[in-house]
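Novice: Each chain is listed here by its residues.
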Amino acid sequence: MKRIIVLFLIFMTASFHSPAQLKIVTTIPDLKSIAEFIGGNRVEAFSIATGYQNPHFVDPKPSYILKLSRADVFITVGLDLEIGWVPALLNSARNPKIQKGGEGYVDASVNIPLLQVPSSVNRGEGDIHIYGNPHYWLDPLNGKIIAKTITQTLSRLDPEHQTQFQERLKQFNETVDTKVKQWEGMLSRFKNTKVIAYHNEWPYFEQRFGLKIVDFLEPKPGIPPTPSQLSKIITIMKREQISIIINSMYFKAESADLVARNTGGKVVTLATSVGGVPEIQNYFDLFDHNVRLLLSALQQ
Amino acid sequence: MIVAYSTAQTDSTAATDSLLIRELEQQMQPAVPQDAAPIRTAPTTNPDLSAIGDFRSSYSDAGPRNLETYFNALEVQLSSVVDPYAEAKFLFSFGKDSLNGEYSAGLEVATLTSLSLPSSIQVMLGRFKTHFTKVNQLHPHAFSFVDFPILIRNYFGEEGLFMEGISASVLVPNPWDVYQEFVVEVGRSGSTPSLDYGTGNRLLTTAQLSTFFDLSENSTLGVGLSGLSGVNALDRTTIMAGCDLTYKWKPVQYNTYHSFTWQTEAMLCRTDTSAGSTLQSYGAYSLFEYQIEKRTFIGARFDYSGLPMVEKSDERSISLLLRFQPTEFQILALEFQHANRNFGPGYNQLVFRAIFGIGTHAAHAY
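First to last, the sequence lines map onto chains A and B. Just so we're aligned, residue 1 is where the first sequence starts under the working numbering, counting upward by one. Just so we're aligned, residue 1001 is where the second sequence starts under the working numbering, counting upward by one.
Calculated directly from the structure, the hints in this document are not laboratory data. Owing to the predicted nature of the structure, the values given are computational and were not obtained by experimental measurement. A couple of the hints might just be wrong.
Below are the DSS-like pairs computed for lysine-lysine, each with C-alpha atoms no more than 30 angstroms apart in a straight line [as the list claims (entries may be wrong)]:
1) Lys1089(B) / Lys67(A)
2) Lys179(A) / Lys220(A)
3) Lys1129(B) / Lys252(A)
4) Lys61(A) / Lys1294(B)
5) Lys238(A) / Lys1294(B)
6) Lys170(A) / Lys194(A)
7) Lys1129(B) / Lys100(A)
8) Lys148(A) / Lys181(A)
9) Lys266(A) / Lys179(A)
10) Lys1089(B) / Lys1248(B)
11) Lys1312(B) / Lys61(A)
12) Lys1294(B) / Lys1248(B)
13) Lys1294(B) / Lys212(A)
14) Lys67(A) / Lys1096(B)
15) Lys67(A) / Lys1250(B)
16) Lys61(A) / Lys1248(B)
17) Lys148(A) / Lys1248(B)
18) Lys1248(B) / Lys1096(B)
19) Lys266(A) / Lys212(A)
20) Lys100(A) / Lys1089(B)
21) Lys252(A) / Lys220(A)
22) Lys23(A) / Lys1248(B)
23) Lys1129(B) / Lys266(A)
24) Lys23(A) / Lys1250(B)
25) Lys252(A) / Lys1250(B)
26) Lys1250(B) / Lys220(A)
27) Lys220(A) / Lys1129(B)
28) Lys61(A) / Lys1096(B)
29) Lys1089(B) / Lys252(A)
30) Lys181(A) / Lys232(A)
31) Lys181(A) / Lys220(A)
32) Lys148(A) / Lys23(A)
33) Lys194(A) / Lys1294(B)
34) Lys232(A) / Lys1294(B)
35) Lys179(A) / Lys212(A)
36) Lys1129(B) / Lys67(A)
Restraint ranges, calculated between C-beta atoms of paired labels, are given here [unchecked claim]:
37) Ser1219(B) / Asp257(A): 52 to 58 angstroms
38) Ser1219(B) / Glu279(A): 24 to 30 angstroms
39) Ile1358(B) / Val214(A): 30 to 36 angstroms
Glycine included, each C-beta is placed from N, C-alpha and C at the ideal position.
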């Protein structure tokens, strides 16, 4: 009996002295993966979008409001990537901590050197992002900047464990540096190889790994491929001997397949996020997967 | 020595005061901390501004004039957070009067909504669309069909039921951990076929309970119950009860290519007309919409509706919809409607509607 009482007291003391994990909600799984890496067992993270979903278009389901209402931290890609669904969720979340300007609101794009920042904006040009291209997490070195931003927020909200967060950030950065060398090495033979992409979401990946995206199947960002655009792409591919078309998980492959059939090219469906396919379990797997697929296609 | 002691005492008092002031300052810190992460947005405090146009052309086999082509309405919306505690929205509508053809401006929505009340409570005040039935909360441009279901028109008028008052909602904790929201609203409505502004102190009161289930990654089910009590044009009581059921399917991976929605609502209305005399009527509709490819949708709707103040009167219709959305900023829709009424002649009509928006318009609720 005495033992039971002692065990009960230990359990009670432990539960009183172990502060709750920080509840994190992210918009995309890549941010969740990085947050989990930095936060370790101090965080419990949930991503609203899945890895095989177009992050521009996510339905603001009420069940996400429930998650956000209990969140300590909300991490967003920002740059208006999620403008079609995040404001509706945040306004209904009734949680001041994660509103813009709140202590738990994290804009992961802060300090990222942005690409394709337009000098003027016109909706006639399609879905143009006024702050710059928002697909920055597809450069693994930007992952280090995202990780640092997340570390700062976690350290502020859970200062007792900031040393742990800093150590994990160091580990994350070291892994990224090692892996980037490895990935760059794998693709180095194919530097400046010209490719075609479905949507303009690869400029950061392109810059990091030295590819050259010549044109897109979409005539303008967000506008589905038209016969005239596909015809133009076929001409370009034949003229410039381009053999790779990069597609994403959430775009149907019909247009890319049609172009490939007419040019003898190959469609490579890359993952844009963690969880795009079951084997991509974390942020490093994402690049492992994409680099491997691309290498295999380029070697053929 | 006395001077030294005095100085030391002054220093000590000053230090104590300074500590006290610091403590008080800490206690008086605002609810929203100042030590927040930076945000990458445009350095402006201007509100989001959008304008949405609604153009229509129609053919109807009823009445002396069969062909119509007109600009139906322009909606201008301004919205922004006011401060860390609330956001505001103003929606102005410039609509065409179907009787004299003149355009007139009106204030459709003006609300202040809290963002940071405790216990997941949210309070909204101002003029807004009442939380009674699911479809009534939508603005016409956000509804998939060209016109609102007949029950909305017959009971609340072309634009639906608006209220000037206060709305309070709370997320209801429940053992199943599903989203459940309870909304209570109190205020005055405008003059509608079923409710009136009223001459006395009696206010319109509504309540709604909405529950939402994720059936799978690709499908959801929403269930709602709502009720209201208000004063009618005869200065007597009107009580209404409604229920709604919405099933949505959208494959997550190809969420921009295919989707399916089935939505059904029913409503019961009890109108006191004189001492001991009441009229009971009801309305219902059921609609489905299927997205056949990225930009094309088809749908059908079946409507039944009584009239709140006229006994044994009803109207039935079937509507067929074809909608094309080049982008999310432009919607072109063609709707055929066949209607029968037992209180007047039926009609067949074909309506083309073009909705087009510019500026930044906040996303609609799910």
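Novice: Run every hint past the structure and note whether it holds.
Specialist: Okay, the hints, checked on the actual structure:
1. Lys1089(B) / Lys67(A): holds (25 angstroms)
2. Lys179(A) / Lys220(A): The given pair, whose Cα atoms are some 34 angstroms apart, is violated under the 30 angstroms limit.
3. Lys1129(B) / Lys252(A): Outside the cut-off at roughly 39 angstroms; violated.
4. Lys61(A) / Lys1294(B): holds (20 angstroms)
5. Lys238(A) / Lys1294(B): This hinted pair holds, its Cα atoms lying about 29 angstroms apart.
6. Lys170(A) / Lys194(A): Violated, at roughly 35 angstroms.
7. Lys1129(B) / Lys100(A): Holds: Lys1129(B) and Lys100(A) sit about 26 angstroms apart, inside 30 angstroms.
8. Lys148(A) / Lys181(A): holds (20 angstroms)
9. Lys266(A) / Lys179(A): holds (26 angstroms)
10. Lys1089(B) / Lys1248(B): Distance ~28 angstroms between Lys1089(B) and Lys1248(B) Cα, so the pair holds.
11. Lys1312(B) / Lys61(A): Distance of about 40 angstroms is beyond 30 angstroms: violated.
12. Lys1294(B) / Lys1248(B): Distance of about 17 angstroms is within 30 angstroms: holds.
13. Lys1294(B) / Lys212(A): Status holds; Cα separation ~29 angstroms.
14. Lys67(A) / Lys1096(B): violated (43 angstroms)
15. Lys67(A) / Lys1250(B): holds (21 angstroms)
16. Lys61(A) / Lys1248(B): Holds. Lys61(A) to Lys1248(B) sits at ~11 angstroms (cutoff 30 angstroms).
17. Lys148(A) / Lys1248(B): Distance of about 39 angstroms is beyond 30 angstroms: violated.
18. Lys1248(B) / Lys1096(B): violated (34 angstroms)
19. Lys266(A) / Lys212(A): holds (16 angstroms)
20. Lys100(A) / Lys1089(B): holds (17 angstroms)
21. Lys252(A) / Lys220(A): holds (17 angstroms)
22. Lys23(A) / Lys1248(B): The given pair, whose Cα atoms are some 28 angstroms apart, holds under the 30 angstroms limit.
23. Lys1129(B) / Lys266(A): violated (53 angstroms)
24. Lys23(A) / Lys1250(B): holds (28 angstroms)
25. Lys252(A) / Lys1250(B): holds (15 angstroms)
26. Lys1250(B) / Lys220(A): It holds: about 25 angstroms lies between the C-alpha atoms, which stays within 30 angstroms.
27. Lys220(A) / Lys1129(B): Measuring from Cα to Cα gives roughly 37 angstroms; hence the hint is violated.
28. Lys61(A) / Lys1096(B): violated (35 angstroms)
29. Lys1089(B) / Lys252(A): Outside the cut-off at roughly 38 angstroms; violated.
30. Lys181(A) / Lys232(A): violated (36 angstroms)
31. Lys181(A) / Lys220(A): Between Lys181(A) and Lys220(A) the Cα gap is close to 34 angstroms, so the pair fails against 30 angstroms, i.e. violated.
32. Lys148(A) / Lys23(A): holds (18 angstroms)
33. Lys194(A) / Lys1294(B): Distance of about 29 angstroms is within 30 angstroms: holds.
34. Lys232(A) / Lys1294(B): Since the Cα atoms of Lys232(A) and Lys1294(B) sit roughly 22 angstroms apart, the hinted pair holds (cutoff 30 angstroms).
35. Lys179(A) / Lys212(A): holds (22 angstroms)
36. Lys1129(B) / Lys67(A): holds (26 angstroms)
37. Ser1219(B) / Asp257(A): 52 to 58 angstroms: violated (28 angstroms)
38. Ser1219(B) / Glu279(A): 24 to 30 angstroms: 26 angstroms Cβ-Cβ, so the 24 to 30 angstroms window holds.
39. Ile1358(B) / Val214(A): 30 to 36 angstroms: holds (32 angstroms)
Checked against the numbered hints above, the structure breaks hints 2, 3, 6, 11, 14, 17, 18, 23, 27, 28, 29, 30, 31, 37 and satisfies the rest.
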